[in-house]
Amino acid sequence: MATATTPAPTRTCNVTGFVVDRNGQRLALGNIYAAFLMLALGGTLAILIALQRQGLPMSDDWWYRLLASHGATMLLFWLLYFEVAALYWGSTMLLNARMVAPRVAWANLVMMSVGMLLAQWAMFTGRATVMFTAYPPLTAHPLYYVGVLLFAVGVLVACIHFFANVVVAKRERTYEGSLPLVVYGLAAAAIIALYALGTGAVAYGMLFLHSIGLMESVDPAQYRLFFWGIGHGAQQVNLAAMVAVWYALIAFTVGGRPVNEGLSRIAFLLYIAFIHLGAVHHLLVDPGLGTSHRIMNTSYMLYLAVLASLIHAFSLPASIEVAQRERGFTHGLFQWLRKGPWREPGFSALVLSIVYFGFIAGVTGVLMGTMQLNMVIHNTLFVVGHFHATVVSGTTLAFMGISYYLIPLLTERRLVAPRVARWQPYVFGGGVAVLTLGMLLAGQLGVPRRVADLEYAAAPIGVDLWAAGPAPLVMLAVSIGAVIAVTGGIMFLYVIGMTLLKGERSETPDEGLRIAFGPRARLRAPVGEPTASEAAPDAGTGVDVETEHGHVTGLRERWRRFEAPGTYVLVLVFLAWFVVMYLVAHLNLSQSWPVG
Amino acid sequence: MAEDQDRTGAAPDGDDAPDDARRELSTLLPPEERWWKRLGPDERRWLTIAFVWCLVLFTGMYVWLAIGQQQTPIESYRIDPFVFQQEVDAFIEEHQVDEVAGAAIVEPPPGSDVYLQANQFAFRPVLKLQRGETYRLLVSSTDVQHGLSLQPTNLNFQVLPGYLYVIRITPDEVGEFPIVCNEYCGLGHHVMTGLIVVD
Numbered sequence: 000m001a002t003a004t005t006p007a008p009t010r011t012c013n014v015t016g017f018v019v020d021r022n023g024q025r026l027a028l029g030n031i032y033a034a035f036l037m038l039a040l041g042g043t044l045a046i047l048i049a050l051q052r053q054g055l056p057m058s059d060d061w062w063y064r065l066l067a068s069h070g071a072t073m074l075l076f077w078l079l080y081f082e083v084a085a086l087y088w089g090s091t092m093l094l095n096a097r098m099v100a101p102r103v104a105w106a107n108l109v110m111m112s113v114g115m116l117l118a119q120w121a122m123f124t125g126r127a128t129v130m131f132t133a134y135p136p137l138t139a140h141p142l143y144y145v146g147v148l149l150f151a152v153g154v155l156v157a158c159i160h161f162f163a164n165v166v167v168a169k170r171e172r173t174y175e176g177s178l179p180l181v182v183y184g185l186a187a188a189a190i191i192a193l194y195a196l197g198t199g200a201v202a203y204g205m206l207f208l209h210s211i212g213l214m215e216s217v218d219p220a221q222y223r224l225f226f227w228g229i230g231h232g233a234q235q236v237n238l239a240a241m242v243a244v245w246y247a248l249i250a251f252t253v254g255g256r257p258v259n260e261g262l263s264r265i266a267f268l269l270y271i272a273f274i275h276l277g278a279v280h281h282l283l284v285d286p287g288l289g290t291s292h293r294i295m296n297t298s299y300m301l302y303l304a305v306l307a308s309l310i311h312a313f314s315l316p317a318s319i320e321v322a323q324r325e326r327g328f329t330h331g332l333f334q335w336l337r338k339g340p341w342r343e344p345g346f347s348a349l350v351l352s353i354v355y356f357g358f359i360a361g362v363t364g365v366l367m368g369t370m371q372l373n374m375v376i377h378n379t380l381f382v383v384g385h386f387h388a389t390v391v392s393g394t395t396l397a398f399m400g401i402s403y404y405l406i407p408l409l410t411e412r413r414l415v416a417p418r419v420a421r422w423q424p425y426v427f428g429g430g431v432a433v434l435t436l437g438m439l440l441a442g443q444l445g446v447p448r449r450v451a452d453l454e455y456a457a458a459p460i461g462v463d464l465w466a467a468g469p470a471p472l473v474m475l476a477v478s479i480g481a482v483i484a485v486t487g488g489i490m491f492l493y494v495i496g497m498t499l500l501k502g503e504r505s506e507t508p509d510e511g512l513r514i515a516f517g518p519r520a521r522l523r524a525p526v527g528e529p530t531a532s533e534a535a536p537d538a539g540t541g542v543d544v545e546t547e548h549g550h551v552t553g554l555r556e557r558w559r560r561f562e563a564p565g566t567y568v569l570v571l572v573f574l575a576w577f578v579v580m581y582l583v584a585h586l587n588l589s590q591s592w593p594v595g
Numbered sequence: 000m001a002e003d004q005d006r007t008g009a010a011p012d013g014d015d016a017p018d019d020a021r022r023e024l025s026t027l028l029p030p031e032e033r034w035w036k037r038l039g040p041d042e043r044r045w046l047t048i049a050f051v052w053c054l055v056l057f058t059g060m061y062v063w064l065a066i067g068q069q070q071t072p073i074e075s076y077r078i079d080p081f082v083f084q085q086e087v088d089a090f091i092e093e094h095q096v097d098e099v100a101g102a103a104i105v106e107p108p109p110g111s112d113v114y115l116q117a118n119q120f121a122f123r124p125v126l127k128l129q130r131g132e133t134y135r136l137l138v139s140s141t142d143v144q145h146g147l148s149l150q151p152t153n154l155n156f157q158v159l160p161g162y163l164y165v166i167r168i169t170p171d172e173v174g175e176f177p178i179v180c181n182e183y184c185g186l187g188h189h190v191m192t193g194l195i196v197v198d
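Protein sequence lines, in the order shown, are assigned to chains V and U. With numbering that gives the first Met the number 0, the residue at position 317 of the first sequence is 316, and numbering never jumps. With numbering that gives the first Met the number 0, the residue at position 105 of the second sequence is 104, and numbering never jumps.
Worth double-checking, as some hints may not be accurate.
Claimed, not checked - Reference excerpt, derived from the structure (chain U facing chain V, CB under 8 angstroms, subset only):
1) Val51
2) Tyr162
3) Leu163
Unchecked claim - Now the stretches of chain V that chain U is said to cover, found in silico as 3 or more residues with beta-carbon under 8 angstroms:
4) 224-233
5) 242-250
6) 467-480
Said to hold, decoys possible - Restraint-style ranges between C-beta atoms, simulated for each label pair:
7) U:Glu175 - V:Trp61: 39 to 49 angstroms
8) V:Glu215 - U:Thr169: 34 to 44 angstroms
9) U:Glu175 - V:Val109: 23 to 33 angstroms
10) V:Gly468 - U:Glu93: 37 to 47 angstroms
11) U:Pro151 - V:Ile159: 46 to 56 angstroms
12) U:Pro151 - V:Gly289: 22 to 32 angstroms
13) U:Val51 - V:Leu472: 36 to 46 angstroms
If you're looking for bench data, these hints aren't it; they were derived computationally from the structure. Glycine included, each C-beta is placed from N, C-alpha and C at the ideal position.
The whole structure should be built from the sequences, with the hints applied where relevant.
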């Protein structure tokens, strides 16, 4: 369609050397700004919800309204606006390519935002206090469903636009060969999004038809099956996009690449093929399903999607390790990690995000998805702890990390207050860690989710399980974690906001950041970095390790036969943690009443 | 603003150090040649360990089916909420022994079928059960979706209108055990409770 028009104006990025299409740049920024607004709103709601637990006066009605909006604002709007931005960035800038139909993309952003505003209006006015899950027969105002559907269709259009950009880039030969790994990962996210959004459209479409009287009733069990196609599917989109962002952050901060890029790509293929089965995690204690169905689906078909995550769990730290060893940090097993650029916000965000996602989010996710274990977890705060570990300490932290590079590079402004940025991932990550651990423990105590009053003061039959004892302490930890995390969120928005308002326009917007590639890459001779003196005894071994597998010579210690020995130890520690948690969870289950 | 349009990005062909630049960029740049290469020993070893663990996780569910006492209930039926309501009423009428806070207390014969109704915003009736006996809880909802959460033993099930879920439980301790709703069911979600008394 647009091929006949004059090519969009471009610029060459001084820092990375990529040819930047200005339409792509503006569109990525437009969606990112919308995402940041949603993050600010969602964070405000988070603090109100958390403080109500500690006595902030609020009616139950309003608590539920705020909770509904917090869920939709964060899980849908914040993450998906950002992912749309990431799709545009990946399919234009990383490919030196152009937006195929920028006007469609702008109209799309408007449509998504109209949908978002409709949904927010319905939730804040109490017309849609049905929560993100919107389970029928609970019914909301028809415009709530319209709003969410408009937003979802917008994301669908953005995914299609992503593929169009890639196809046109290929045809116009703006890149050679296969897609870069990061774009490949984003493509996986977009493919998963296609079928997630498809099932979501069926689910919310049925509810909309019901709400205007065109459909007599919606079967609650069928709805749950369709809904979790997007409810969980959207989280798999977040997962794939987050892993792609992790690989991008590794390239940005240490110049790393996977030891075997093909394996990482296979892992993305495994996600595409199997991860969607995980939607059945949510139906494990529903009536109507048989045992084999539950086991095959909840295990993603022999855990092949978990295998993909385990591949990344090795590949990501190994990428960092190999890059750091090449830079000369070859001492012992962990010098490469100790000497990492911990003051660089992208690096700390990357590492914290990977660690939390693996040790907390991933492990709890597999436990919850184990058929029988689900009985002692379903709908408790443990579930909420799990998904705050995934989408907050995992995805959100990773997206914050990459923002420290995307915003300066896209706006051509230098980052303001880099010292605040330096501390931000630690504050945010620390807060979310306290928050999620509190929620997980509360779930183990049986605390239910989405309950406005844990003292059950107004219930005819009282429940005093959580009014005293450990529960109030754990819930206090949740609130304190929320306050710290929101502080980290404010720091993030402060740095980004000030950069947009006051950041110095520059041809070299990477000043103050450590960007590991491109014409201006300075990692080879970094300022204040340990130099050859520290690494001298081993200088050069990185090159040896770099050569063919099995031909490492001149190395005395056996572990040096490994390309990434430190990573090997780390993944074995992770596996041990996983096994212990698995056994503990079964021990816990065995103490419940016999049931079947 | 528009400078030289170096369309190959940061890895110009024939540059002095194309290898380093190219390698550093490789997650952001197209891979060199084919992206598949043979797995190194590190990857092969980890892949094997990881896949074995995946198989353990998978077979673990079948192993627990064989050895565990806590199994996911699967017996379920479709039921008209109106019919279910009538059956619950008849059940309560037949076995009611007392009343607490306006709710009927019911003591069914040991080891029998026991109805438990979820509706906005209560579980009814209050059940008096015998320790060590196995009961078939017949659970459904007469309005919206609810969550049946037996505390503090912490067993949790989804309750759907139109579906009867049969949950066999064997209380193995004596006392009063609250039930709470843990699926959001409306603005009274936090007052929706019930009770099981075991003696």
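The hints, checked one at a time:
1. For the restraint placing U:Val51 at the interface with chain V, the shortest Cβ-Cβ distance is roughly 10 angstroms, beyond the 8 angstroms limit, so the hint is violated.
2. For U:Tyr162, the suggested interface contact is upheld, since its CB lies about 4 angstroms from the closest CB of chain V, less than 8 angstroms.
3. With a least beta-carbon distance of about 7 angstroms to chain V, the hint placing U:Leu163 at the interface is held under the 8 angstroms criterion.
4. Against chain U, the region 224-233 of chain V contributes 0 residues with a C-beta closer than 8 angstroms to a partner C-beta. That does not satisfy the three-residue criterion, and the hint is violated.
5. Under a criterion of three residues with beta carbons nearer than 8 angstroms to beta carbons of chain U, the stated coverage of the region 242-250 of chain V is upheld, 4 such residues being counted.
6. Counting residues of the region 467-480 of chain V whose beta carbon lies closer than 8 angstroms to any beta carbon of chain U gives 0, which falls below the threshold of three, so the coverage claim is violated.
7. Against the hinted window of 39 to 49 angstroms, the Cβ-Cβ separation of U:Glu175 and V:Trp61 comes to about 33 angstroms, which falls outside the hint.
8. Taking the beta carbon of each, V:Glu215 and U:Thr169 are about 40 angstroms apart, inside 34 to 44 angstroms as hinted.
9. The hint said 23 to 33 angstroms for the Cβ distance between U:Glu175 and V:Val109, and at roughly 57 angstroms that hint is violated.
10. At roughly 38 angstroms, the beta carbons of V:Gly468 and U:Glu93 sit within the given window of 37 to 47 angstroms.
11. For U:Pro151 and V:Ile159, the Cβ-Cβ distance of about 50 angstroms falls inside the hinted range of 46 to 56 angstroms, so the restraint holds.
12. For the hinted restraint 22 to 32 angstroms between U:Pro151 and V:Gly289, the CB-CB distance of approximately 30 angstroms keeps it satisfied.
13. Separation of U:Val51 from V:Leu472 is about 40 angstroms and conforms to the stated range, judged on CB atoms against 36 to 46 angstroms.
Checked against the numbered hints above, the structure violates hints 1, 4, 6, 7 and 9; every other hint is satisfied.
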